[in-house]
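Residue numbers (the working numbering), protein chains in the order written: chain X, 4 to 349; chain V, 3 to 205.
Honestly, the hints are just simulated from the structure, not real lab data.
Be aware that a few hints might be false.
One-sided and incomplete, this derived list gives chain V residues near chain X with beta-carbon spacing under 7 Å [said to hold, decoys possible]:
{"#": "1", "residue": "53"}
{"#": "2", "residue": "54"}
{"#": "3", "residue": "57"}
{"#": "4", "residue": "65"}
{"#": "5", "residue": "66"}
{"#": "6", "residue": "69"}
{"#": "7", "residue": "73"}
{"#": "8", "residue": "74"}
{"#": "9", "residue": "75"}
{"#": "10", "residue": "76"}
{"#": "11", "residue": "133"}
We put the CB at the ideal spot given by N, CA and C, even for glycine.
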Amino acid sequence: MIAWFQSVLGTGLGWFVANLILILLIALPLMLAVAMVIYADRKIWAAMALRRGPNVVGPFGLLQSFADGLKVFLKETIVPASSNKGLFLIAPILTFTVALIAWAVIPFGPDMALADINVGLLYILAASSLGVYGVIIAGWSSNSKYPFYSALRAAAQMVSYEVSIGFVLISVVLWAGTFNMGAIVDQQRGHILGIINAFGFNPLLFPMAVVFLISAMAETARAPFDLTEAESEIVAGYQTEYSSMSFALFWLGEYGNVLLMCALNATLFWGGWLPPLDWAPLYYVPGIIWLFAKILFFFFVFSWVKATVPRYRYDQLMRLGWKVFLPLSLFWVFLVSGYLMLTRYS
Amino acid sequence: MIQVFAFYLFATLVVAAGGLCILSRNPVHSVLWLIFAFFNAAGLMLLCGAEFIAMLLIIVYVGAVSVLFLFVVMMLDIDFAEMRAGFVKYLPAGLLLVVALGAEILIAGSAWRAGGLALSQRTAPTPEEVPNIEALGTLLYTRYLFIFEGAGLVLLVAMIGAIVLTHRIRGGVRQQNIMRQNMRRPQDAIRNVDQPVGQGVEL
């Protein structure tokens, strides 16, 4: 596609236009997916609580998210008088943008990443570490005590869990031998007994997959780790002072991040766009379908956990991050690198 | 063309953000400008072909160090009048710093003008086909192994030092023993009593 545009519009402009279209091709379906996934989340949650969930707007309530979107869009944006106005408005934009930029390196199929860069995994780590700024800035600029508490909680929580996520990613990188996302997926082809396409079934990497799944929930501040918006303690956390579209941007960003973490789970441990088995007929299904199926499965796990596990206390959250996951993942990096040193590099 | 444009964009923003960092009245704004400067510096490094360093700059400085920095600065209750009071006192030291930095820039500029650096090789220190990370890793773990491990040791000592300095052992604190809490069963804690009327419970 890039080559075609370059032949029509010239090298520089063609590249620019092609990439712009590709960015829209990722961002717009993502927004649609976020809307549908919010509906799915509410339906799953309702089903587990023996309720019906949204069922009024559209067939089966499918248009509920769009109705909600229209509602918040038509509302007035209220900026508190004592807030720091510039930062107050920048914060939701930042959250939303950061949730989108990491998708640039996710491979949707063979050679189907927007940016097939060498440091893909580091780019994702960098993008996810930026996510906390939206929350911190929102909490501070609201100039109100509950948002401020929430900002402090978010800062501590995300820094804590980023450490264990980093170690998990390192063990995957050690095994794959590359930081490139596409190459990591390729390395998983027939990884187990030459037939199963997944790092996750490797006994040495499976515990890391579990740690990553739980850390991903903490990193995106999803239940049971949603201490930043714990409504029983700090009203709505950093979102307390926000209304209308500025609030909606936080919401979209949050679910965009959740989908990103699901995509990362699928890509790093469960074969990404590869079918589950390395068997020729399964390759007739396009890779993007497999990736979406895996993302949706992990989203279901996220909703399932949200519906069943009670919220952590803050000290329990910190204990889990620093005293359980950090030593465990650090030890596992030693284990994986030692194993690879003995088998692959000796 | 686009590279030159990107370079001037990032460079201008770094300088502007650095200036605003020291000029803004509000310390939180200062930290945010600092973060913005880091971010643009990472962009400059990407232009140099050092993508690994650029990502590391964002992950370490923007993602971890600055978050903690912001965390502390946000909670400070700063008295602005007191902050401005020391202006005359720190003026000589500040001027000295300005002179030193200005001289350094001058020396660097004249050295660059004198030539002698192979400019074409500065942007691509490694062969194009070797990824940045591999090139760095090969150097760090072979040629500079002892220096690298020495740096790691210094960091370890600093970390232990920080923990020792801040760790207090206080008496009279009832700490939780998570293991004991998890091992506790209803049978250990609850006792059914067949209570006769008019008598107290024996505990």
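Each hint tested on the structure:
For residue 53 of chain V, the suggested interface contact is upheld, since its CB lies about 5 Å from the closest CB of chain X, less than 7 Å. Proximity of residue 54 of chain V to chain X holds as hinted, the smallest CB-CB distance being about 6 Å (cut-off 7 Å). Interface hint status for residue 57 of chain V: upheld, as the beta-carbon distance to the closest one in chain X is roughly 4 Å, under 7 Å. Interface hint status for residue 65 of chain V: upheld, as the beta-carbon distance to the closest one in chain X is roughly 3 Å, under 7 Å.
Annotation: interface hint on residue 66 of chain V holds; nearest CB of chain X at approximately 6 Å, less than 7 Å. Given hint, residue 69 of chain V at the interface with chain X, holds; its Cβ is 5 Å from that chain's nearest Cβ, closer than 7 Å. A least Cβ separation of about 5 Å between residue 73 of chain V and chain X falls short of the 7 Å threshold, and the interface hint therefore holds. Using the Cβ-Cβ criterion of 7 Å, the hint placing residue 74 of chain V at the interface with chain X is not satisfied: the shortest such distance is roughly 10 Å.
The interface hint given for residue 75 of chain V is broken, as the beta carbon of that residue sits about 10 Å from the closest beta carbon of chain X, more than 7 Å. Checking residue 76 of chain V against chain X by beta carbon gives a least distance of about 5 Å; that is within 7 Å, so the hint holds. For residue 133 of chain V, the interface hint holds, the least distance from its beta-carbon to any beta-carbon of chain X being 4 Å, beneath 7 Å.
Checked against the numbered hints given earlier, the structure breaks hints 8 and 9 and satisfies all the rest.
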